[in-house]
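**Student:** Model the full structure from these sequences, guided by the hints.
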Amino acid sequence: MDEKLSRKLRILADAAKYDASCSSSGAPKRKADVGGLGSTVGSGICHAYTPDGRCVSLLKILLTNYCLFDCAYCVNRRSSNVKRAKFSVDEVVTLTVEFYKRNYIEGLFLSSGIIRSPDYTMEQMLLVAKKLRRDHGFRGYIHLKTIPEASPWLIEEAGLWADRLSINLELPTETSLERLAPEKDGASIESAMAQMFERIEEAREERRHFSPAGQTTQMIVGADETTDQDVLRTSAKLYGHYDMKRVYYSAFSPIPDSSAILPLKSPPLMRESRLYQADWLLRYYGFNVDEIASGGEQGMLDLDVDPKLAWALKNRHLFPVDVNRAEREMLLRVPGLGARAVDKIVVARKHTTLRLEDVARLTSGLKRARPFLITADHHPKAKLDRLDLRERLIEKPEQLSMFV
Amino acid sequence: MTLHRITLKCGADLQGFRRAVRWLIAEELAPQHVVFAIDDAPSLFGNEQTGDAPAVTIPKGVAQLIEHVVCHCDPERYALLYGLVWRALNGERDLLEVASDPLVHRIDMMARSVRRDLHKMHAFVRFRRMKGEEVERFAAWFEPEHFILAAAAPFFVDRFRSLDWTILTPLGSIHWNREALSFGLPARREDAPDEDSFEEGWRGYYESVFNPARVNPTAMRAEMPKKYWRNMPETAAIPGLIQTASQRVERMIEQEASMPAKRTPERALEAMFDQDPKSLEELNAIIAKAGPLVPGATQAVFGEGPLHADIMFVGEQPGDQEDLQGRPFVGPAGKLLTKAMGEAGIVREQAYLTNAVKHFKFDQRGHRRIHAKPTAGEVKHYRPWLMKELELVKPKLVVALGATAVLALSGKATPITRSRGRARFGDYEGYITVHPSYLLRLPDEATKREAYEAFLTDLRRIRDLAQADPETGELPLAAE
Ligand code: SF4
Chain Z
1 MDEKLSRKLR ILADAAKYDA SCSSSGAPKR KADVGGLGST VGSGICHAYT PDGRCVSLLK
61 ILLTNYCLFD CAYCVNRRSS NVKRAKFSVD EVVTLTVEFY KRNYIEGLFL SSGIIRSPDY
121 TMEQMLLVAK KLRRDHGFRG YIHLKTIPEA SPWLIEEAGL WADRLSINLE LPTETSLERL
181 APEKDGASIE SAMAQMFERI EEAREERRHF SPAGQTTQMI VGADETTDQD VLRTSAKLYG
241 HYDMKRVYYS AFSPIPDSSA ILPLKSPPLM RESRLYQADW LLRYYGFNVD EIASGGEQGM
301 LDLDVDPKLA WALKNRHLFP VDVNRAEREM LLRVPGLGAR AVDKIVVARK HTTLRLEDVA
361 RLTSGLKRAR PFLITADHHP KAKLDRLDLR ERLIEKPEQL SMFV
Chain X
1 MTLHRITLKC GADLQGFRRA VRWLIAEELA PQHVVFAIDD APSLFGNEQT GDAPAVTIPK
61 GVAQLIEHVV CHCDPERYAL LYGLVWRALN GERDLLEVAS DPLVHRIDMM ARSVRRDLHK
121 MHAFVRFRRM KGEEVERFAA WFEPEHFILA AAAPFFVDRF RSLDWTILTP LGSIHWNREA
181 LSFGLPARRE DAPDEDSFEE GWRGYYESVF NPARVNPTAM RAEMPKKYWR NMPETAAIPG
241 LIQTASQRVE RMIEQEASMP AKRTPERALE AMFDQDPKSL EELNAIIAKA GPLVPGATQA
301 VFGEGPLHAD IMFVGEQPGD QEDLQGRPFV GPAGKLLTKA MGEAGIVREQ AYLTNAVKHF
361 KFDQRGHRRI HAKPTAGEVK HYRPWLMKEL ELVKPKLVVA LGATAVLALS GKATPITRSR
421 GRARFGDYEG YITVHPSYLL RLPDEATKRE AYEAFLTDLR RIRDLAQADP ETGELPLAAE
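Protein chains in written order, with full-length UniProt numbering: chain Z, 1 to 404; chain X, 1 to 480.
Think of the hints as simulated: they come from the structure by calculation, not from any bench. Backbone N, C-alpha and C define an ideal beta-carbon position, used for all residues, glycine too. Heads up, a few of these hints could be off.
[As the list claims (entries may be wrong)] Computed, partial: chain Z to chain X, Cβ under 10 Å:
no.	residue
1	A16
2	K29
3	D52
4	N81
5	P152
6	A360
[To be verified] Computed list of lysine-lysine pairs in DSSO-like fashion (alpha-carbon distance at most 30 Å, straight line):
no.	chain 1	residue 1	chain 2	residue 2
7	X	K289	Z	K31
8	Z	K29	X	K373
9	X	K262	Z	K131
10	X	K262	Z	K4
11	Z	K350	Z	K31
[To be verified] Calculated from the model, a selection of chain Z residues having no Cβ within reach of chain X, i.e. all distances over 12 Å:
no.	residue
12	W280
13	F319
14	H378
**Tutor:** What follows is the structure in structure tokens.
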């Protein structure tokens, strides 16, 4: 691989890394044709992990980091002094194919700074996808970032080549968007999301290919004053209106050459991981935004304990819950019990009466669950009412892992 | 009772185990009377030979678990699995549902460990191109934890069908020659190429996507345990990345916001949003370049007629004739429309005629190409272009011919029978009537004539509406 290309790759990968989405999931299962290259597997594959614990699944790069826009939170904004580079369409195609053949990646995640015009930029990105699919019979994963300011027919086309499309909302409120991303416009972002949502649904019904892995989005957390509760409200809306497959949260992180209107310090990474946990509760555990927020203070989530535990601590009158008798909905609300553990409990208890050691085999969160659970051989009694319960359940930092 | 000894081959001996299970069940030998041994060579002692026995039916879940767990490296795996089978066949059919049962739990953990190893093999194998060969051939060295080669192979075949590749491991090797899969002897690390010209670039990529502000090696190691690192070229960068992370972050924070080095590119900014096609020619060029959504059409068929025509007619999609000639409304339905327009006093050349969908979609039946109706999603795909076309033509009145045109103009499906007559499409005065091909399809002459008369009535109203005073909306006399 020649050195110039290597250098560009470093610049344009570095510029793309603030996008949190890495997943290669959700595409219909495909295999390589004779003469073609690539396949997809349902839940995607992480081919490596970087020392920040993030998964490397797709070749995530920008076509170029030259940009006419001036979004304050972004390294690539036109007023920043970072090094710039631009790939040719063929260079991106070559990198994707050669990396893919060596089993480094599941496919391509292509985004771009805006050069010349949104349409021109989007057309270049489409050209990459088309070449991969048509000239190389590439059947691996393609995620394209959609430029909401581009003409609607380009969005129509993008869905034909991509497995997943995404537009980053970046800022959870319209006012922040106006202040920090002057060229962007909330209305056109929403209308592009709506267009993609409609087309994805129709194509699914008609069994045609249009972004079969759906759409996702990302919000930056901590670059403005928005509370967790408002962030989650926005997420709930995005899930509800546009059937987002995922909303990614990206803790605002200091960037080289950052803008003067941004906070100097990044929010604790824990805030981001609590938001992911809350997001999970929203989607799979039957919680609503206000319930989740009630576990914290003034619209902010409790950073010391996970949001389900935080909610339970403030609603102790609803506990303890009997593992052998409670409804599934209530079991899902027990701290430390994940949805999978709950499903196993519900099936197992048809055949047997569960004891504490049985539950221990089904979840790794027993320590948190214990004070809230009744089993055949265990009752928390007054422990549940102890004033220091919260303190006793705070996780030690080294045991933390995000459950995303 | 004596202990019964079963010897199985080294590795994942699924066949041998199945055979043994059949025989043991037929002999009604409970697990406590059986020991499983693993051997490379067939045993010298004949007494432990199992005979053929009829098939046994075991629950599906158990059979699936067996397939995974025989790959596990634990020598106890067969004994544990036989214990599971025995219980499932002796009164505990639904045993797997009790996930909390100690044996079920243990076997489940083993299956999970095998699946994880499989997944990690799919993820962490790194191919290197073999040197000095003309055709591209790739080889990789990998060290799996369990006996998973056979289980892992199909994934690589599905993905790299068109490449020649070999995966070498201490437990055996897999070869694919673009046609057939074969398994070979264990190999050594030295048998694989020791470098690849893309590794440098890949390592650079890996280093660049790391964000030093989020350093978290524990999370990394949980998903990418150290034992895999040896065979992954990018991991050489890890110590350096971790070491320098905090310095890099400090530097970023200390650095004051700098002044932009370049001036604001005013002209480029002004031009940036001026991207819309300005003429029908520009728009048509975009449509032509995109190509047909459903493959097959000869060419895109564009609208025809003057800008700012009083009336814009929108049909469904070009037909066979239109597709060949590249002009709208020139086939049988188009001819009928032209005739009716003439009778209603509308000059075809003064109207603008176009279709909702710009490419012919058809089913091939022998030599004939039979019109196939575009789906709602297909109509919507073309809709943004139609909207732009409408904006450029700016007619006084836009006429939807048939349900597809209504869907295209309004974005919603509406039956013609209920909505026929005057309509509103966004900013435009509109009218809804049938598509002329509908008139051609009617079975008997009487209904045909009647329908044609109704169509003519519509066209006359359309003519009058298009002549209405744009200010007052007043129609010429005798119109309503
Ligand atoms: S449009 Fe905004 S967020 Fe996107 S690259 Fe340009 S400056 Fe960054």
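**Student:** Beyond 12 Å from chain X, beta-carbon-wise, is Z/F319?
**Tutor:** 21 Å, holds
**Student:** Do the numbers back the hint for Z/N81, that is, is its least Cβ distance to chain X under 10 Å?
**Tutor:** With a closest approach of 5 Å, the Z/N81 hint holds.
**Student:** Between X/K262 and Z/K4, is the straight-line Cα distance small enough, at 30 Å or below?
**Tutor:** Given that 30 Å is the threshold and the Cα spacing comes to 24 Å, the pair holds.
**Student:** Does the interface hint hold: is Z/D52 within less than 10 Å of chain X, judged Cβ to Cβ?
**Tutor:** 4 Å, holds
**Student:** Could you check that no beta carbon of chain X comes within 12 Å of the beta carbon of Z/W280?
**Tutor:** Z/W280 clear of chain X: closest Cβ-Cβ about 17 Å, beyond 12 Å.
**Student:** Could you grab the alpha-carbon distance between Z/K29 and X/K373 and see if it respects the 30 Å cut-off?
**Tutor:** 29 Å, holds
**Student:** Using Cβ atoms only, decide whether Z/A360 comes closer than 10 Å to chain X, and label the hint accordingly.
**Tutor:** With Cβ-Cβ at 9 Å, under 10 Å, it holds.
**Student:** At a threshold of 10 Å, is the proposed contact between Z/K29 and chain X supported by beta-carbon distances?
**Tutor:** 9 Å, holds
**Student:** With a cut-off of 10 Å on the beta carbons, see whether Z/P152 makes it to chain X.
**Tutor:** At 4 Å from the nearest chain X Cβ, Z/P152 passes the 10 Å test, so the hint holds.
**Student:** For the pair supplied as a hint, X/K289 and Z/K31, confirm whether the alpha-carbon distance does not exceed 30 Å.
**Tutor:** Cα-Cα ~29 Å, so holds.
**Student:** Verify that the Cβ of Z/H378 lies farther than 12 Å from every Cβ atom of chain X, and report whether the claim holds or is violated.
**Tutor:** Its Cβ never comes within 12 Å of chain X, the nearest being 14 Å, so this holds.
**Student:** Are the Cα atoms of Z/K350 and Z/K31 separated by 30 Å or less?
**Tutor:** 41 Å, violated
In summary, the numbered hints that this structure violates are 9, 11.
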